[in-house]
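Protein chains in written order, with our numbering: chain A, 1 to 65; chain B, 1 to 238.
You can take every hint at face value.
Straight-line alpha carbon distances no greater than 25 angstroms define the calculated DMTMM-like cross-link-like pairs of lysine to aspartate or glutamate that follow:
1. 59/A - 29/A
2. 46/A - 207/B
3. 46/A - 8/A
4. 45/A - 29/A
5. 24/B - 37/A
6. 27/A - 218/B
7. 54/A - 207/B
8. 59/A - 200/B
9. 24/B - 31/A
10. 46/A - 206/B
11. 24/B - 206/B
12. 24/B - 12/B
13. 45/A - 212/B
14. 48/A - 29/A
15. 59/A - 31/A
A few chain A residues that face chain B, going by a derived Cβ cut-off under 8 angstroms, partial list only:
16. 35
17. 36
18. 38
19. 39
20. 59
FRET-style restraints, in silico, Cβ to Cβ:
21. 20/A - 90/B: 53 to 61 angstroms
22. 24/A - 220/B: 24 to 32 angstroms
23. 200/B - 20/A: 33 to 41 angstroms
24. 215/B - 19/A: 23 to 31 angstroms
25. 20/A - 219/B: 24 to 32 angstroms
26. 125/B - 9/A: 40 to 48 angstroms
27. 199/B - 9/A: 15 to 23 angstroms
28. 24/A - 215/B: 24 to 32 angstroms
29. 52/A - 152/B: 53 to 61 angstroms
30. 12/B - 23/A: 21 to 29 angstroms
31. 9/A - 185/B: 36 to 44 angstroms
32. 177/B - 24/A: 47 to 55 angstroms
33. 80/B - 9/A: 53 to 61 angstroms
Treat the hints as calculated values from the structure; they're not laboratory data.
C-beta: ideal position from N, C-alpha, C; glycine also.
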Amino acid sequence: MGLFSRQESFDKAVVELPTGELRPLTKSEFEALPLHDRVRAILSKKLKFYRGVKEVSMKEALGDR
Amino acid sequence: MKSDQHVDAATEAIVQRARERFRKHRARAFVATDRLFVKIFLGQWLFAVFIALVFSPYAWQGKLKTVHPHVWIALLLGGAIISLPIALALVRPGQAITRHVIACAQMLFSALLIHLSGGRIETHFHVFGSLAFLAFYLDWTVLLTATVTIALDHLARGIFWPESVYGIFNPEWWRFLEHAFWVVFCASFLVASCLRQVREWLTFAEEGGMIEALAESEWRQRSVLERAAQDAPAKGAP
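I would like the entire structure built from these sequences, with the hints used as guidance.
Here it is as structure tokens:
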């Protein structure tokens, strides 16, 4: 990691759709979703975050800004 | 289904609160900038009178020394220009009409100062400083109003009273376009900055919503676990 670089809290999110399908999203794709969809996914726990191959908790992914 | 209804209701409430946070943040900026311009207008008005007194304190009618018309122009026309925006800033702070009237009046005041200085080129810099202050609103439409106002002023005075705006009697017909170009050049960067800042505010408001959703989700999970722990000894008892 360079002197001025900052590790992202997550780089991938996987959302479970109502059909049961798992859709992977990049960080920017996740942030571009309507707020309503992001909040609903968090409340219904149909969302997982990853940094590389390692899963990170919702708290870690969303809390670090 | 009941659980889904709870989730939907919570989602809606969280999203509404995030939007309200964003709206209130913008409203605070609008009101604060309106109040700032009240002070700017009053300061400019005093400065305009001072400029008129310094540059052209007296006129001559034969042997009679009278106060130069510029002093009256600064006092009366300057007062007229700032009266409506100040009134709106006091009685309708934060409203769109207020900041657009302020933008228009600020450009008209720049025009007045340019006239009082006899079209001195350095006074034209007041226009660019004014655009920077108007950018405090973070409302790009205000910059559009200001740009159109000053362009029309330069066009009209360039035709009917060129020495008032350029200090010379026979400028090129397209000179107002040259001035307008630099105003648009400056305003375009300010508009981009406004849009970026507003997007940042929206992002912060939405992030607050997601953190609220996270807290709500954790509270629900803790509540379920606590209820399960309370129920377990009762079920296990003989």
